[in-house]
Amino acid sequence: MQQVDQQQRNLTFLQAITEALSQEMERDKSIVVMGEDVRIWGGVFGRFKGFREKFGDDRVLDTPISEAGFVGAGVGAAATGLRPVVDLMFVDFFGVAGDQIVNQAAKMKYMFGGKAKIPLVIITMIGGGLSAAAQHSECLYSVFAHIPGIKCVVPSTAYDAKGLLTTALRQDDPVMFFEHKFLHSSTEGRPVPKESYAIQFGKADIKREGTDVTIVGLARTVHQSLEAAQELQTQGISAEVLDLRTIVPMDEQAILDSVKKTGRLVVVDEDYPRCNIATDVAALVASKGFNYLDSPIGIVSSLDTPPPFSPVLEEAFLPSVEKIVQSAKAAVHRT
Amino acid sequence: MQQVDQQQRNLTFLQAITEALSQEMERDKSIVVMGEDVRIWGGVFGRFKGFREKFGDDRVLDTPISEAGFVGAGVGAAATGLRPVVDLMFVDFFGVAGDQIVNQAAKMKYMFGGKAKIPLVIITMIGGGLSAAAQHSECLYSVFAHIPGIKCVVPSTAYDAKGLLTTALRQDDPVMFFEHKFLHSSTEGRPVPKESYAIQFGKADIKREGTDVTIVGLARTVHQSLEAAQELQTQGISAEVLDLRTIVPMDEQAILDSVKKTGRLVVVDEDYPRCNIATDVAALVASKGFNYLDSPIGIVSSLDTPPPFSPVLEEAFLPSVEKIVQSAKAAVHRT
Amino acid sequence: MSSSVMVDSKQKKRLLEMLRRMLTIRRFEERVKKEFAATRVKGFVHLYIGEEAVAVGVCSNLTDADYVTSTHRGHGHCIAKGVDVKGMMAELYGRRTGTCKGKGGSMHIADVGLGMLGANGIVGAGAPIAVGAGLSSKYRKSGQVAVCFFSDGALNQGAVHEAMNIASIWKLPVIFVLENNQFAESTSVRYATSVKDPSVRGESYSMPSVRVDGMDVLAVSQAAAEAVARARKGEGPSFIVCDTYRYMGHFEGDDQTYRTKEDVDVYRNNDPITKLRKKMAEDGSLTEKEFEELDASVLKEIEESVVYADSSEWPAPSEVLDDVYTSR
Amino acid sequence: MSSSVMVDSKQKKRLLEMLRRMLTIRRFEERVKKEFAATRVKGFVHLYIGEEAVAVGVCSNLTDADYVTSTHRGHGHCIAKGVDVKGMMAELYGRRTGTCKGKGGSMHIADVGLGMLGANGIVGAGAPIAVGAGLSSKYRKSGQVAVCFFSDGALNQGAVHEAMNIASIWKLPVIFVLENNQFAESTSVRYATSVKDPSVRGESYSMPSVRVDGMDVLAVSQAAAEAVARARKGEGPSFIVCDTYRYMGHFEGDDQTYRTKEDVDVYRNNDPITKLRKKMAEDGSLTEKEFEELDASVLKEIEESVVYADSSEWPAPSEVLDDVYTSR
Ligand SMILES: Cc1ncc(C[n+]2csc(CCOP(=O)(O)OP(=O)(O)O)c2C)c(N)n1
Ligand SMILES: Cc1ncc(C[n+]2csc(CCOP(=O)(O)OP(=O)(O)O)c2C)c(N)n1
Ligand SMILES: [Mg+2]
Ligand SMILES: [Mg+2]
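Protein sequence lines, in the order shown, are assigned to chains A, B, C and D.
Note that the working numbering gives residue 249 to position 249 of the first sequence, counting from 1, and the numbers run on in steps of one.
Note that the working numbering gives residue 287 to position 287 of the second sequence, counting from 1, and the numbers run on in steps of one.
Note that the working numbering gives residue 73 to position 73 of the third sequence, counting from 1, and the numbers run on in steps of one.
Note that the working numbering gives residue 137 to position 137 of the fourth sequence, counting from 1, and the numbers run on in steps of one.
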């Protein structure tokens, strides 16, 4: 017991990511890190702090502001034996590097008839809540889930982040690792073991069990859903909260199983509402789990507008505990 | 009658697009065309043939292979009084110009508190069926439907293409106009009047009425759905085929009305299967039209892989009449 | 000093106006810094302090009809182009009365009516947009010019390269102004840019390219005057490298471990506002007292902008979906 | 001729090998042209005929361990890098025995095992990838070089600019080879590129930059030899502009209204294969008969590749979902 306690710390989400990277870099000399300001700053919010000192300039590469150039360099390095971790600071910047992600990294293996490996991890920040406005607040993981060939990890807790990043660094396909910036200092969830561990991709996690309604979330919306579940509990509704954790691959079975049990579904996705993970999950259940459903599927997403700057507007824009509670109640009561 | 016949020609899809552009350019001197090889070639498949001679080099601008540069120039020109039509040859190239579309064109008006107009039309080819392989066969309109702020037009017939493009050129928001290259020589659908006409955005079109199942399609899948409907008819199933025509704005009401009538839904989308228009429509109905549904929603999309080159594989990859028929029959019989 | 200044009254007025604008930028941002620290201004804020001579020197040659595209560090360009500071402060406060109704914030301030085509959260993204503005002007034969402000980090963005090439082959009235402030976040221009003299990049697009002291508003103004004249005559784009420095961190919150206080002091001792002020004192065109009055009036304007912002209404949550489209 | 050739037996072997490779590219593509016309090869096909000296001259300095990135016009680079023509023809036929199991086609042929990192359907996209290969080599200190082939149209892509700058500041063993074939589709390099001499662009990244006759395989080979030596010694990237020409349309189906037959003939009369053949005849290192035998053996190899392709199995529809991921 004593020993376990020592090993399991309440790391923050960001610390867990740093630790996973650091441990894997110690283990595997083929891992290099590239991105803007990774050496002195350790990246814009310090994810790589101390890496330069520990791993040297050969493995920690500052880049010019040339995302197409350095994401593409990551692709080329991955195809030729390295295991690059590329920092695409904010996901909102994907448009300047888009081709290297969607047409090169994601497709190379397939186009080449399987005869290539692209063990590339692109790590990028997502999400709102910080008044960062229209070009620094997006989620956009739905865009990458849309594109075949690139795995997508969207963790909600420090524990999951460490285990999933470890897996990302030990498999051979390109991965987008989405880090919600609102969660950076969060210590929610299970304590984080000191030693390395890997969490399998494609396994959703039941963050709370329940019987009346399934709430599917990812990243920050998992925490909002858990809060909503607590609130619902006080109103006599038992909500199960399912955390997708990875959206490519996505754990379809876990979603269907949960809905089979509860008969009702609410999907909560911070991404824009059109063609997002919420519509994806809803479509899955409406096609493959239709007969489990007792009521209309509830969907809570950000609104169909660019992220506004003003905190008042941003609050209206984002999913919230209140919106989730309302949607879940509607699902339960419309039966 | 005689007069109507003279005026209404069986133009091809591509001719209809050329005619709409040409007529609007005559009407509105602020329209300019830019893109690769638009002057001598009239664009890679001749969409702008003869434009240089008719409208002069000032209005028909050849660009270097600098998509971020010239799409961005379109944004800047639109913000300052022109009405540019920018040719992004194949939608698969969006990654090199992505930022100018998603972060600039789509968001400018909103970020500026409404105090800007971006009357920019980006015209681009989509779709498979020509063995054009992984980087020249995509649809990707779902990505742009995901991003708030840019309208998306996906016509299926020459008649619709002309009317929708005319509307695109007479309104003041950025528009992505998706031209399915497999339809270029198609003369299906209503004959095309010579004079200009505008088709309102956000109005789906019932391409065939039916009572047993609603098949929602767009672009090429409308034709496949119509063929499927004919086949289904021989099996005693009456299918209604709804053509979305524009996906931003999308005619939610028409979808819901049709499903209310038929009780069953199949959505056919040539885009990749995750987070696409099919999941979007399915989610809409599962949340807002759940009680109309008598059976699980059927979804037919391309497969979750980059487009393969070999015709044998591409056929397996794409939606087909047969797959639609099967899905519709399942929807009807699983009731 | 690269320009010889005649102290006639027109010139005096011109210098005074430049001084006033530079001072307005300085005082506005000093106040924004405080407001940010007090969390009344939220989000990301990048201060332009130290670089005032660039925006003001360039814009002293422009009219309201001319265009500029800006960067994440946009307050200076806005003020130099004549955007109202009340609206700006209200925007940073996130209020409905803000320049962008509170929807944009610091990184997206714009005033299209004044030709200010937007700060931009994406490094380098303004360059193609400026090219489009130049195209529009050339098409109309209106003589408007478009200025693209960008900094050394942006010089390595592909979009900037594409924009320069297009402006050159189309002979557009576009002026690329490189605010060479030595850093992109923590990254030194010497590390990230493969040429010692950035003006070589302009030449590789066959553009007249000059390099000037970006701490000297008159030097900047004169280089810009030549580029503007060329642009208005239809002779195509130019490239101006202005060597300058940002005194503050990259953004509010930056601990600046990548440089020393002494590094900054070298530039502070070469301050563009002090320099012009001294020059005018020597010329006899500005007394100590006149300066103090000027400063007081600027400070008053800033104070009023804060009062205005603070007393303005918040937007209503229901406004969140407005302004996405002209027509739905 | 820029290199003085000694007709020793090693040199003769070298020349013969270059001739054979150039001829293989030529004959392969002449056949592909026919197969395309007969619709046995589908999709988009861009022929390299006329430019053989570039790929072969450069690759004559490389080993299988070195890397190249290619373009939409990739057959020449593949053959020059040693990719098996049987697999290539089967790939164009869309068969399971193709280099990429029929999944790639002409625009995506690759053979990573031979360092051929892919043709590419996206203009300019190979440049950053070559930088990555160079990084990998530098990190391992393996002495491998990475060659990025691209043409004049690609020179105006932002990604190419970014790649050159990065290669330069990181001193990577990357060689940027500009196949200056005068056109990007219908668009002349003189229209689209703002500098007369493209090698200026290389200099704007502080890279040694030379311009050579791309119709002369020995000139190309020598320039590449210098760049390769520099790269292997850790002295960083180079830029080589090879002036060349494509004899065929941009792609199969192009009516070529943007140039005359006479324009093409100027280059046809300066054909790289004929030139080397003549040179070898003069040197006494190749008789007429030897050439005919060589040609016959090449034609036989191509014929066999067609038989191989045509008799190969189609992929099974069920294979469509394989090869997307290493592990699902
Ligand atoms: C495309 C893109 N990449 C990265 C960033 C993050 N970022 C914001 S400002 C900045 C540094 C910009 O440096 P520079 O262009 O020199 O402008 P300065 O801050 O010096 O004014 C970076 C990397 C961004 N906003 N956009
Ligand atoms: C990013 C991008 N833009 C446009 C195209 C369409 N396209 C294919 S080849 C080509 C011309 C390329 O010209 P160049 O780089 O000179 O190569 P060349 O054909 O002469 O070998 C164009 C415009 C593309 N494939 N990718
Ligand atoms: Mg800078
Ligand atoms: Mg070319």
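Any given hint could be a false lead.
Restricting the straight-line Cα-Cα distance to at most 25 angstroms, the calculated cross-link-like pairs of lysine to any residue (SDA-like) are [stated by the list, open to error]:
{"no.": "1", "chain 1": "B", "residue 1": "Lys288", "chain 2": "A", "residue 2": "Asp58"}
{"no.": "2", "chain 1": "D", "residue 1": "Lys289", "chain 2": "D", "residue 2": "Glu304"}
{"no.": "3", "chain 1": "B", "residue 1": "Lys261", "chain 2": "B", "residue 2": "Ile206"}
{"no.": "4", "chain 1": "B", "residue 1": "Lys117", "chain 2": "C", "residue 2": "Lys233"}
{"no.": "5", "chain 1": "D", "residue 1": "Lys86", "chain 2": "D", "residue 2": "Lys233"}
{"no.": "6", "chain 1": "C", "residue 1": "Lys12", "chain 2": "C", "residue 2": "Leu321"}
{"no.": "7", "chain 1": "B", "residue 1": "Lys323", "chain 2": "D", "residue 2": "Arg211"}
{"no.": "8", "chain 1": "A", "residue 1": "Lys323", "chain 2": "C", "residue 2": "Asn270"}
{"no.": "9", "chain 1": "C", "residue 1": "Lys278", "chain 2": "C", "residue 2": "Arg259"}
{"no.": "10", "chain 1": "D", "residue 1": "Lys33", "chain 2": "D", "residue 2": "Ser312"}
{"no.": "11", "chain 1": "C", "residue 1": "Lys279", "chain 2": "C", "residue 2": "Asp213"}
{"no.": "12", "chain 1": "A", "residue 1": "Lys117", "chain 2": "D", "residue 2": "Pro317"}
{"no.": "13", "chain 1": "D", "residue 1": "Lys233", "chain 2": "A", "residue 2": "Asp58"}
{"no.": "14", "chain 1": "C", "residue 1": "Lys196", "chain 2": "D", "residue 2": "Glu301"}
{"no.": "15", "chain 1": "B", "residue 1": "Lys260", "chain 2": "A", "residue 2": "Lys117"}
{"no.": "16", "chain 1": "B", "residue 1": "Lys329", "chain 2": "A", "residue 2": "Lys117"}
{"no.": "17", "chain 1": "B", "residue 1": "Lys117", "chain 2": "C", "residue 2": "Asp213"}
{"no.": "18", "chain 1": "B", "residue 1": "Lys115", "chain 2": "C", "residue 2": "Lys12"}
{"no.": "19", "chain 1": "B", "residue 1": "Lys117", "chain 2": "A", "residue 2": "Asp304"}
{"no.": "20", "chain 1": "C", "residue 1": "Lys233", "chain 2": "D", "residue 2": "Tyr191"}
{"no.": "21", "chain 1": "A", "residue 1": "Lys288", "chain 2": "B", "residue 2": "Lys117"}
It is worth saying that the hints were derived from the structure and are not from the lab.
Please flag the earlier hints that this structure goes against, numbers listed from lowest up. Hint check: 1, 4, 5, 6, 7, 8, 9, 14, 15, 16, 17, 18, 21 fail, others pass.
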